[in-house]
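Colleague: Going down the list, the protein sequences come from chains A and B. Sequential numbering from 1 applies to the first sequence in our numbering. Sequential numbering from 1 applies to the second sequence in our numbering.
A hint or two may mislead.
For identical chains, the list gives no copy identity; a pair is met inside one copy or between any two copies.
[As the list claims (entries may be wrong)] The calculated lysine-lysine pairs, modelled on DSS-like cross-linking and capped at a C-alpha distance of 25 angstroms, are:
hint, residue 1, residue 2
1, Lys-285, Lys-228
2, Lys-354, Lys-328
3, Lys-296, Lys-313
4, Lys-265, Lys-162
5, Lys-38, Lys-296
6, Lys-354, Lys-296
7, Lys-348, Lys-296
8, Lys-328, Lys-313
9, Lys-265, Lys-169
10, Lys-328, Lys-353
11, Lys-174, Lys-344
12, Lys-353, Lys-296
13, Lys-257, Lys-344
14, Lys-63, Lys-164
15, Lys-342, Lys-296
16, Lys-313, Lys-344
17, Lys-328, Lys-296
18, Lys-83, Lys-38
19, Lys-285, Lys-354
20, Lys-169, Lys-179
21, Lys-83, Lys-162
22, Lys-228, Lys-213
23, Lys-353, Lys-285
24, Lys-285, Lys-162
25, Lys-285, Lys-174
I should point out that these hints are in silico values taken from the structure, not numbers from a laboratory.
2 protein chains.
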Amino acid sequence: MNPNSYCVIMAGGIGNRFWPVSNRHCPKQFSDILHAGKSFIRQTYERIAQIFPNHRIFIVTGKEYEEITKKQIPEIPDENILKEPYVRNTATCIAYAAYKIHLLNPDAYMITLPSDHFICNDAAYLQDIKDGMEFVEKQGGLLTIGITPTRAETEYGYIQVKSKDNTRKISEVKTFTEKPNPELAQMFYDSDEFLWNAGIFIWRVRDIIHEFKTYMYDLHALFNTDCKLNTPGEAKFIQSVYGQCHNISIDVGIMEKSQQVYVLKGNFGWSDVGTWHAFHALCEKDDNNNTSNSEKVILNDTRDCIVNVPPRKNVIIQGVNNLIIAEKDHYLMICHRKDEEKIKQFEKLFRLKK
Amino acid sequence: MNPNSYCVIMAGGIGNRFWPVSNRHCPKQFSDILHAGKSFIRQTYERIAQIFPNHRIFIVTGKEYEEITKKQIPEIPDENILKEPYVRNTATCIAYAAYKIHLLNPDAYMITLPSDHFICNDAAYLQDIKDGMEFVEKQGGLLTIGITPTRAETEYGYIQVKSKDNTRKISEVKTFTEKPNPELAQMFYDSDEFLWNAGIFIWRVRDIIHEFKTYMYDLHALFNTDCKLNTPGEAKFIQSVYGQCHNISIDVGIMEKSQQVYVLKGNFGWSDVGTWHAFHALCEKDDNNNTSNSEKVILNDTRDCIVNVPPRKNVIIQGVNNLIIAEKDHYLMICHRKDEEKIKQFEKLFRLKK
């Protein structure tokens with residue numbers, strides 16, 4: 001890889017969709033929901049560490065997750081863990097990393113990755129990243145990685161390509177669309193012009209800063225007024241900047257507006273594992289369309305269930321359908337799949353109860 | 001109480017209906033399913049100890065439950081714990097206690113109690129027992145305690161009284177019927193002639209031995225051939241006797257046949273808590289007919305469920321109906337109420353799986 005290239009892993013999630021398996025003490029990125037033997041962020045790190053040295057890997061996460069990050073990824077230097085005082089979405093997170101890296105190396109490139117996605121094929125993924133980086137080195141602009149849809153999913157963002165030429169690996173982007181309704185999702189899926197937005201971005205740092213200056217001037221100004229990045233005053237400075245930032249995604253803040261956006265068609269098998277539904281789609285199912293993470297789970301006369309329990313737990317499920325059954329520590333959730341949207345409220349419910 | 005009277009607590013249950021809350025290591029009688037703060041057998045003991053001294057209280061249980069019995073009821077002398085080598089139903093259990101007590105005191109009376117029933121009103125219960133004992137002292141015969149039915153329950157045995165005079169506290173018995181089908185149960189309930197069989201028996205020991213001799217001669221012969229009861233050879237003797245006994249209840253073996261059977265109409269509020277269904281009937285319900293044993297259980301948009309979990313467990317149940325959710329140690333069961341009959345197989349399923 002280009003010695004000016006840096007990898008930024010975004011790990012700002014606060015973990016309520018997979019409660020109680022993930023929770024605010026251990027959000028999804030630090031959890032091993034798929035029982036792969038390591039957390040999502042550890043997998044993400046090990047994957048990318050094949051092409052980036054540790055000192056050029058940064059992790060942006062909530063300041064309360066500093067310890068768990070160090071514990072799970074001790075290889076990363078402490079100063080490469082960027083601690084966010086508040087949850088402020090991806091535009092702020094990326095700006096923090098970009099301005100910081102820019103001060104370290106004005107010729108830097110950065111690739112930004114989510115920390116909590118599932119990747120099937122690591123080699124294809126790394127090749128796509130290398131290809132994307134090469135493209136950006138030559139061409140400039142903002143590159144994102146898109147995934148060819150395999151269903152009319154309503155939980156993902158979509159990227160429309162300009163060219164209908166499906167053989168091209170990299171295309172200009174026409175539009176970004178956040179989670180569509182089912183009819184729109186079906187149209188997107190049928191049209192062959194749309195890709196899923198995998199939230200992976202590649203650009204020259206200088207270029208993204210130019211875009212912040214153009215489309216999010218307030219944010220740009222915050223990071224450039226009396227800047228204390230890479231000094232002992234960084235934490236206090238960031239506390240102040242984050243206090244004044246809006247909660248806005250990079251897609252809405254920049255990608256939808258920028259005039260030079262490209263998408264690389266990724267080919268590595270991907271899921272954001274953003275819902276139990278996506279988790280179910282990803283996992284191996286038994287003959288009755290149940291997925292369970294443990295051999296100690298017995299399912300009798302039971303269909304379409306998702307079971308995620310600690311490895312030592314013996315569970316028997318008899319005569320039920322369409323349930324999500326998840327347990328961690330002292331928390332057990334039994335939720336009908338039609339009510340999955342409500343799960344993100346559950347942790348709060350228990351906090352209020354105390 | 002008559003100084004010749006003895007109390008025999010039958011604790012031979014092997015605990016599969018309430019699995020995993022009770023299990024073969026800790027059957028229902030040793031469990032605190034109702035979260036009363038003490039096990040069923042401890043409650044039974046404390047109730048009866050108000051009218052019997054410890055040396056005249058006997059407990060018959062599986063030999064594997066000797067330790068848990070001693071732990072839960074340390075007041076009882078060791079020699080008063082009668083250890084059964086095999087499960088052989090109530091006729092054998094009662095014969096063991098009867099022949100043993102008869103050798104200790106040929107003028108003995110005995111009252112036999114199940115160890116795992118729920119009693120609402122202890123004072124009324126003890127008064128009924130005293131009244132029953134007084135009756136037997138005067139009249140002889142076999143006395144059982146019956147409960148006025150409050151519904152057409154199919155899970156209980158029924159006792160038909162000879163006299164239709166409902167004002168009489170003690171009546172002669174016409175028939176015993178094991179668990180009836182729903183139509184029969186409804187007829188019994190409507191007829192006013194039937195009582196539920198609470199499994200509580202009072203008689204002079206000499207009389208029940210006479211009945212064994214008459215109706216179960218094989219069993220009588222086993223206990224009287226080279227008898228080693230109350231000697232160091234008792235355990236070996238019992239091992240041999242139990243090895244040759246049939247599995248038969250006292251109701252079928254004696255009560256249905258004997259010519260001198262009476263029933264006392266109990267008035268103390270009773271449930272055998274023999275099924276989750278009976279448990280549900282007994283417990284306080286919320287507005288949606290759910291019963292839960294813990295304040296740490298949140299039920300949202302959920303109806304007709306039974307939840308029984310450890311006290312520290314936080315549970316949320318969302319959008320489901322008619323489930324039994326029970327947890328103990330490393331075991332979790334989620335069972336549709338229509339499948340309650342299958343629960344007794346579950347412990348075995350896990351044993352087979354290992």
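Colleague: With reference to the structure, classify each hint as holding or not holding.
Modeller: Here's how the hints hold up against the structure:
Taking identical chains as interchangeable, the C-alpha atoms of Lys-285 and Lys-228 are never at most 25 angstroms apart, the minima being 52 angstroms within one chain and 60 angstroms between chains. Both within a single protomer and between protomers do Lys-354 and Lys-328 lie at most 25 angstroms apart by alpha-carbon distance, with minima of 18 angstroms and 23 angstroms respectively. Taking identical chains as interchangeable, the C-alpha atoms of Lys-296 and Lys-313 lie at most 25 angstroms apart whether they share a chain (7 angstroms) or sit on different chains (20 angstroms). Taking CA atoms no more than 25 angstroms apart as the test, Lys-265 paired with Lys-162 passes inside one copy only; the shortest distance there is 13 angstroms, against 87 angstroms between copies.
Within a single copy, Lys-38 and Lys-296 get their C-alpha atoms as close as 20 angstroms, which meets the 25 angstroms cut-off; across copies the closest is 31 angstroms, which misses it. Taking the closest pair of Cα atoms, Lys-354 and Lys-296 come within 25 angstroms of each other only across two copies (9 angstroms); inside a single copy the shortest separation is 32 angstroms, beyond that limit. In this assembly of identical chains, Lys-348 and Lys-296 lie within 25 angstroms of each other by CA distance solely across copies; the values are 14 angstroms between and 30 angstroms within a copy. In this assembly of identical chains, the alpha carbons of Lys-328 and Lys-313 lie at most 25 angstroms apart whether taken from the same copy (10 angstroms) or from different copies (10 angstroms).
In this assembly of identical chains, Lys-265 and Lys-169 lie within 25 angstroms of each other by CA distance solely inside one copy; the values are 5 angstroms within and 87 angstroms between copies. When the C-alpha separation of Lys-328 and Lys-353 is checked against a cutoff of 25 angstroms, the pair qualifies both within a copy, at 18 angstroms, and between copies, at 23 angstroms. Within a single copy, Lys-174 and Lys-344 get their C-alpha atoms no closer than 33 angstroms, and across copies no closer than 62 angstroms, so neither meets the 25 angstroms cut-off. For a Cα distance limit of 25 angstroms, the shortest separation of Lys-353 from Lys-296 across copies, 8 angstroms, qualifies, whereas the shortest one inside one copy, 32 angstroms, does not.
In the homo-oligomer, the alpha carbons of Lys-257 and Lys-344 never lie at most 25 angstroms apart, since the shortest distance is 31 angstroms inside one protomer and 64 angstroms across protomers. Proximity of Lys-63 and Lys-164 under a CA criterion of 25 angstroms is satisfied in neither setting, with 44 angstroms inside one chain copy and 79 angstroms between copies. Taking identical chains as interchangeable, the C-alpha atoms of Lys-342 and Lys-296 lie at most 25 angstroms apart only when they sit on different chains, with a minimum of 18 angstroms there against 28 angstroms within one chain. For the homomeric pair Lys-313 and Lys-344, the shortest alpha-carbon distances inside one copy (24 angstroms) and between copies (19 angstroms) are both at most 25 angstroms.
In the homo-oligomer, the alpha carbons of Lys-328 and Lys-296 lie at most 25 angstroms apart both inside one protomer (15 angstroms) and across protomers (15 angstroms), since each shortest distance falls under that limit. With identical chains, the CA atoms of Lys-83 and Lys-38 are at most 25 angstroms apart within one copy only, with a shortest distance of 22 angstroms there and 51 angstroms across copies. In this assembly of identical chains, the alpha carbons of Lys-285 and Lys-354 lie at most 25 angstroms apart only when taken from different copies (22 angstroms versus 37 angstroms within one copy). Taking CA atoms no more than 25 angstroms apart as the test, Lys-169 paired with Lys-179 passes inside one copy only; the shortest distance there is 24 angstroms, against 73 angstroms between copies.
Proximity of Lys-83 and Lys-162 under a CA criterion of 25 angstroms is satisfied in neither setting, with 37 angstroms inside one chain copy and 83 angstroms between copies. In this homomeric assembly, Lys-228 and Lys-213 come within 25 angstroms of each other (Cα to Cα) only inside a single copy, at 19 angstroms, whereas the closest approach across copies is 99 angstroms. In the homo-oligomer, the alpha carbons of Lys-353 and Lys-285 lie at most 25 angstroms apart only across protomers (20 angstroms), although the nearest pairing inside one protomer, at 36 angstroms, exceeds that limit. Taking identical chains as interchangeable, the C-alpha atoms of Lys-285 and Lys-162 are never at most 25 angstroms apart, the minima being 38 angstroms within one chain and 61 angstroms between chains.
In this homomeric assembly, Lys-285 and Lys-174 never come within 25 angstroms of each other (Cα to Cα): the closest approach is 37 angstroms inside a single copy and 58 angstroms across copies.
Of the hints listed earlier, those the structure fails to meet are numbers 1, 11, 13, 14, 21, 24, 25, in rising order.
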